[in-house]
Amino acid sequence: MSIQTVEVKAKVPSPSTNFWQTYRQSKLGIAGLVLLLVITVIAIFAPVLSPYDPKSSAGVGAGQVYNPPSAAHWLGTDDAGRDVFSNFMYGARVSLLVGFFASFISVGIGGTIGIVAGYYGGRVENILMRFTDTMLVIPDLPLIVVIVALTKPSLLNIIFVIGIFGWTTTARMVRSQTLAVKSRKFVLRARAIGAGRRHIIRHHILPLVMPILVVQAVLVVSVAVLNESTLSFLGLGDPTALSWGQMLNYAFARGAMSTGAWWALVAPGIGIIWVVLGLTLVGQGLEHVLNPRLDTHHLMPGRPVVVNHEASGESENPTEKNPLLEVRNLSINYINEGKPPARAVENISFTLKEGELIGLVGESGCGKTTLMLALLRLLPSAGQIVNGQVIFSGKDLTALNEQEINAVRWKDISIVFQGAMNALNPVRTVGDQIAEAIIKHMPGFPRDQRLQERVIELLDLVGIAADHKEHYPHQYSGGMRQRAMIAMALACNPQIIIADEPTTALDVMIQAQILELLDSLRKKLGLAIIFVTHDLGVVAEICDKVLVMYGGVTAEYADVDIIYNESRHPYTQELLKAFPDLTKPKKKLSSIPGYPPRLDALPIGCRFAPRCRLAFARCHTEQPLLQKLNDSQSAVHIASCHLLEVSK
Amino acid sequence: MSKDHFLEVRGLKKYFDADRPSFFSREARHVHAVDGVDFQLRHSEVIALVGESGCGKSTLALLLMGLEEPTEGYISFEGRDITHLNDNERKGLRRKIQMIFQDPYESLNPTQTIEEIINEPLVVHGIGNNKIERDERVKKAMEDSGLKPAEVYLQRFPHELSGGQRQRVVIAAALVLEPEILLADEPVSMLDVSIRAEIINLLAELRITRQIAVIFITHDLGSVGFFADRVAVMYLGRIVEIGTMLEVLEKTQHPYTKALISVIPVPNPRLRHERIILQGETPNPIDLPSGCRFHPRCPLAIATCKVSDPPFITLSKTHQAACLLLVK
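Line by line, the protein sequences give chains A and B. Quick note, the first sequence lines up with residues 1357 to 2004 if you use our numbering. Quick note, the second sequence lines up with residues 8 to 335 if you use our numbering.
Chain A extracted, bound-state conformation:
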């Protein structure tokens, strides 16, 4: 499942190294950072940078109030003849100072309340959250105005008053994140180790809540800057500290509007917008780092398929007469910007007849899912079919346009996904969702009684009683949800179902039930099934043919009996040995040391060679070709291994 590897890489950047790399991808985030850096530099170095002392009206003669912008005064002068540009620079100091410290207080309070409420739960949570709710309904700003008006208008007071309000959102977000983290298994494991509450909060909760705190802190700074400006504009600011709000206040109070001195108003206005915009954009950039999936479109089909129609005519093609589906020499690459493409699937061929069940077996990361997605052209945008054909009822699916392939998807070939059990919408009844699947794929279907009858018929087919039609997914057990997913896949009477690990997360008994269901469906409906799994035991129970994949290539392909009793490829043999066999209890299981190759680091020779006990020199330098083996009863038996060539 190479898609997963690709996704995982994008999703979990290692904490510090990849932070900046991911952040950098957000253009808005970079813009915000630049805005903030510039204004922060201006604020810090205001005494050095500003052309005039803001308190004096140096260089301006008396009576020269509201001078328009000039070479001497870039932003003009105010009513007292002071340089507006210098005021602007000094104003930035006050605004940012209030913003950052108030945010620090606010996020500190909100974070503490959120974590304590979320982690301790029970009565503590109840009291804290009711308090939070109460604070939430009180309008912040009027209250801040009242309190500031009643206290001494000092900068410290303003920071403190703004800080102790506006923490409610933080508290709520942090609480829900804490609840989510607390329910994760590593917290339970920490308890099992013997860790106390303080330890767990410090080492397990806080690091995972921190990203939210950082984003909140950034957003709260902008709220605090706005609040401070409002207070100062209302004349409640600290008269000794000139802020942008105060500049606005003075300009308004002293007739800037009536004298047409727009610069006295525009300068502080720009300052406020500048900071708020910068902070919001930085917030966006941080979002991008924390939820990189917001703007990835990995599973969106779209990129046109590049097909080399001169499919290389390998002589060892498995051929059968009139198959329902024939896959010929299919190869799929993942495009990696700046790197050579990853060869995820190479030269896979198999055939499928009506009513036949083929097992596609291999460890995670061997390309099974990529292959299945390619059959229906549902590959992520980086995936490209670079060679081969998929012939279904006389058509090459790889050559169809988007509209034509859409006509095949679901109606002729449908998929039951691995995680599909979670794919049901929790707020709609299962019956509704099946009806929707029917209408979506067959728009002409009558939307009357016949639709309901069809839903009942489908549920009956998968062994769900009609009275469960009106139930919601949470009322279904895991096994029933999987049955419902199969019912949806059957909605348009497809000829082929691709079942991607449909039983992996299920108990053995439920697994047996689902296998029995699939087996009965193919007998009843003549359905052909491609069963994707890592579990050879499951395959042995119901499959007719087996394709064993390793590292994106065919290891061995034959009838099920041959695979289990006369397998020739070392990988197949090793897989079988790793399987617990109750007919031979007390036998030590053998395992295959090592892991499947990474797609971006495929071995030069045979892809299995690094883990193969029988590998010899040639295996490490030359990729083995598919060999047709004629030594068995099987209609077709192919394998790729140098040992087989030698013995020939």
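The hints are simulated quantities; they were obtained by calculation from the structure and are not laboratory data. Check the hints yourself; a few may be wrong.
Anything over 12 Å on all C-beta distances counts as not near chain A; from chain B, calculated [to be verified]:
#1 ARG17
#2 ASP24
#3 ALA35
#4 GLN105
#5 ASN136
#6 GLU143
#7 GLN172
#8 SER297
#9 GLY298
#10 HIS302
#11 ALA310
#12 LYS313
#13 THR325
Keeping only pairs whose Cα atoms sit at most 20 Å apart, straight-line, the calculated EDC-like set for lysine to aspartate or glutamate is [stated by the list, open to error]:
#14 B/LYS258 to A/ASP1937
#15 A/LYS1538 to B/GLU75
#16 A/LYS1944 to B/GLU257
#17 A/LYS1538 to B/GLU113
#18 A/LYS1538 to B/ASP110
#19 A/LYS1933 to B/GLU212
#20 A/LYS1879 to A/ASP1900
#21 B/LYS138 to B/GLU185
#22 A/LYS1541 to B/GLU257
#23 B/LYS146 to B/GLU158
#24 B/LYS20 to B/GLU76
#25 A/LYS1541 to B/GLU193
#26 A/LYS1984 to A/GLU1682
Derived list of chain A stretches under chain B, where covered just means 3 residues or more per stretch with a C-beta under 8 Å from a C-beta of chain B [stated by the list, open to error]:
#27 1549 to 1557
#28 1916 to 1930
Predicted model only: the values in this text are computed from it and were never measured. A virtual CB, placed ideally from N, CA and C, is assigned to each residue, including glycine.
Use these hints to put chain B onto chain A, whose structure you have.
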């Protein structure tokens, strides 16, 4: 209690409060998660607890770990009653009983390095006088868990490891405390078959090299059959059959055990056999069936199964099962 039963469980019950059937109902309802479980564990013994989801096996594990308080019953360890302990006593006991969880993707904190994860139990328990001593212990636990050489893994993060390697990290973090009992809750069900063998072999080795007793919880008898000494089959909060592995596999008595064994996939199409596929799923443990709890799904149920609760029938010194068909 005999000396070699160093862990003993008697009449253990855990009921959770359930929602009332309706707003006006006065009836208090309970989920009977664990409903009267007895068993003993010997030194370095491996016992498999087998059953479908909802049979109470995971709750039983949490009770044994002291992560849930039992409603009723008795647990003793090395002759000492450990049913209810305060935080401090519990903490001491944690060094002796450790647990491995099902999902190696979820049971590791993504923000910690492997070194921090495995070192954490030592910090929590204040073990080791200095860093050198702790590093030594961390390294040994890692190498015993098959993470060799340890240096390669120390500074990595969980997401950089494969599923099998992560499960080894979880095992190392348990081993670093040098426990006497390892509770493994479905430790391989999320892993590929080829990796499962490695983890099971590792646990089998540990009981020999470190004399650790293992309680292996699983829904798949096939995955433990070969290394467990004894098997206990659970259904709806109770053990329905318990015996040595060979007794349970070859002289199966309970119809539920028979069904569970019959659905274990056999990796050979020539040995395809009739499977006893029970219909439906484990009933919900709020409204328990009358009589024998298994009767609604039992292919062999007779009239009396609906009314009387079967007693535990002793079949041999080590083998017991609860089924009315065994009553002579």
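Going through the hints against the structure:
no.	hint	result
1	ARG17	holds, 23 Å
2	ASP24	holds, 14 Å
3	ALA35	holds, 20 Å
4	GLN105	violated, 7 Å
5	ASN136	holds, 19 Å
6	GLU143	holds, 19 Å
7	GLN172	violated, 8 Å
8	SER297	holds, 22 Å
9	GLY298	holds, 21 Å
10	HIS302	holds, 17 Å
11	ALA310	holds, 25 Å
12	LYS313	holds, 22 Å
13	THR325	holds, 16 Å
14	B/LYS258 to A/ASP1937	holds, 17 Å
15	A/LYS1538 to B/GLU75	holds, 16 Å
16	A/LYS1944 to B/GLU257	holds, 19 Å
17	A/LYS1538 to B/GLU113	holds, 12 Å
18	A/LYS1538 to B/ASP110	holds, 16 Å
19	A/LYS1933 to B/GLU212	holds, 18 Å
20	A/LYS1879 to A/ASP1900	holds, 13 Å
21	B/LYS138 to B/GLU185	holds, 18 Å
22	A/LYS1541 to B/GLU257	violated, 37 Å
23	B/LYS146 to B/GLU158	holds, 8 Å
24	B/LYS20 to B/GLU76	holds, 10 Å
25	A/LYS1541 to B/GLU193	holds, 13 Å
26	A/LYS1984 to A/GLU1682	holds, 17 Å
27	1549 to 1557	holds (count 5)
28	1916 to 1930	holds (count 5)
Of the numbered hints listed earlier, those contradicted by the structure are 4, 7, 22.
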